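J.: With chain S's structure known, arrange chain E on it following the hints.
Quick note, the sequences are listed as chains S and E, same order. Per the numbering used here, the first sequence starts with residue 1, numbered consecutively. Per the numbering used here, the second sequence starts with residue 1, numbered consecutively.
What the hints contain is simulated information worked out from the structure, not anything from laboratory work. A few of these clues could be false.
Mimicking DSSO-like on lysine-lysine, the simulated pairs with C-alpha atoms at most 27 Å apart in a straight line are [unchecked claim]: (1) E/K128 - E/K116; (2) S/K114 - E/K237; (3) E/K128 - S/K117; (4) E/K149 - E/K116; (5) S/K7 - E/K347.
Computed from the model, here is a short list of chain E residues facing chain S with C-beta under 10 Å [unchecked claim]: (6) L60; (7) D263; (8) R264; (9) T342; (10) S349.
Bear in mind that the values here come from a model prediction, so they are computed numbers and not experimental data. Note that beta-carbon positions come from the ideal geometry of N, C-alpha and C, so glycine has one too.
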Amino acid sequence: MRELIRKLTETYGPSGAEEEIRAVIRAEVEPLADEVRVDPLGSLVAHKQAGDPSASKRIMLAAHMDEIGVMVTYVDEQGFARFTNIGGVRTLNCVGGRVAFADGTLGVIGVEQKRDKADRIPQMAQLYIDVGATGRDDCPVQVGDAAVFVRPFAAQGTRLVAKAMDDRIGCAVLIETLRRLERTPHDVYFTFTVQEEVGLRGARTSAYGIDPDMAIAIDITATGDTPESKHMAVELGQGPAVKVQDRGMIAHVAVRGLLVQRAQEARIPYQLEVLEFGTTDAAAMQLVRAGVPAGCVSIPCRYFHSPSEMVDEGDVENGVRLLLEVLQRA
Amino acid sequence: MILKALSEAVGVSGDEGDVRAVVLDAVREHVDEVRVDTMGNVLAFKRGTGRRNTSGRNRLRVMVSAHIDEIGLMVVGHDSDGFLQVRAVGGIDPRLLPGTLFQVGPQRIPGVCGVKPIHLVKQGDLEKVAQIEDLVVDVGAKDKDEAKKLAPIGTYATFTTQFRELGPTVSGKAFDDRAGCAVLVELLRGERFRFDLHAAFTVQEEVGLRGAGVAAYAIEPDCAFALEGTIADDIPKDKDVSPTTQLGHGPAITVMDRSVISDRRLLRLLTGTADELSIPYQFKQPGIGGTDAGAIHRTRGGVPSVTVAVPARYIHSPVALLSLEDFENTMRLMRESLARLTRRTLKVSD
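One chain only, chain S, in its complex shape (with noise of 0.2 Å):
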């Protein structure tokens, strides 16, 4: 799964040109699915049919493909080029940073020398993107061009540093089920959804196309074991963990008992969620149509949002052998 998940997360995705990273995934899913599509903005749905079509129930899961980024909003007249945020950037991940386009162009965040209280974290209009221009007219990258940040896969033991684990690191495991998962009762939608970062826009869509009766995301949580961290009771390498609530969702308490049923009858480490703040497509899916019970497998991630997010292996296939447990059964 490692070299998957290198290829994963070494690909380019921000929100809104997830063509390259959703190529990357249909090329894994397509052997493994019964039908595989593009929806309206972008998703990609695999479609793993039911083998038994009359008790099926309808489950989409989702993992965001989408990954954060910058993108240009002026090029200066030195060819510098100031940028504003793709999804949730903090300028004290971007100075001395890199970034690539979609291109491979390569630029350098740099940050402004004369600026008022320089020992305080920048604001962004404060830094640029050096490309290496030397000036407007033969700067490589122009408004409205988007980059993410750079960083190579590394492993260690057993954990797993890179860019765009979230959620890269979901859709592995999505990928990871899909083939390992022979049969299902289930009418099972692996939904790689577009643009959650800037606020969950594919997985509303998708799950309105879909309509199912259960959903299910996939994606990062944060954690409460580094030094001097947020209180919160989820470690990495304890197990994914089921979660019971963020800040845009309570999960629906039949699903997040079904997860934890699951782990506990297949001896799976788990651990239970309960996040102060962000939110996943579970969010958005829970509210499309009339509604849909809605809930979310989380693998714990330290430094979410910056170039070396770290998440534990174990913790990754656990939630692959959570998923099948609950999509293998009736």
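T.: Here is chain E on its own, set in the frame of chain S:
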């Protein structure tokens, strides 16, 4: 010029009847069907020339929207001396209000936002900006009862600006989004397209994209274009930063704003058409503002959407200014791009 009639019509969010009437008059003879929905959106339908059921499919359904509402004020109370207490409807900069003329209510009663004469202003007060809660509109009422009769609670007020031609540019109120409305009217007055054109003149954009969502739900389009009048912040600055858009640089295409990331296939259609025909265009500074496309693209199973705008200086103020050349080029870019729009445009390439 239809832009003049549209600009001078009154239509603060939630009270768009006057501008709706102008739109209905302007398009009725040029469309196959037109109706007003429950929210007050004007939905006009112009059948396409493409054959139905070629390869078993219906014609493409294309939605083009422009919002008919504008920002303004609403009366929320009356003080004992007969002045009107007001609040903003949509985004209004309170610095622009004192001394500004308003037309109040359906009778268009003239009113002035009260301001203290400069002779009486204390030294320190010049640096302060009066907030809307501290301002009043004066309609000349002699007391509270008369004020209540002239302008009961809930009465709307808007700017009184006349449309003017200033050489190659024009000035007037509400170019956000009557400029977009004018482009849409002109599209409806032109030749039919191959696809079915569903025009939506939407209400209540300025208070949260409210009309466009229900319009898109009803239309169920295959893709959508939102037409706008957008920010041009190209007045001189002391730092080399983005002007958002610039007057005279052509239609402004949105790549990303707070409400939507434009569909890349539609972006390619627009820029490809512009490059082919040498129509100037610019990309609006990403990350700023929101448009009806934000509501439209989230409707039902999702609608690929893009926003195209006429740049205008000083929008959301009593008087905005736009270039007629930009206006013409926006019309041309839309017409030519739509003429090139087929199912193939929306095909997924990977």
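J.: Now tell me if each hint is right for this structure.
T.: Hints and how they fare:
no. : hint            : verdict
1   : E/K128 - E/K116 : holds, 13 Å
2   : S/K114 - E/K237 : holds, 18 Å
3   : E/K128 - S/K117 : holds, 25 Å
4   : E/K149 - E/K116 : holds, 26 Å
5   : S/K7 - E/K347   : holds, 26 Å
6   : L60             : violated, 13 Å
7   : D263            : holds, 8 Å
8   : R264            : holds, 7 Å
9   : T342            : violated, 16 Å
10  : S349            : holds, 7 Å
Hint check: violations occur at hints 6 and 9; the rest are consistent with the structure.
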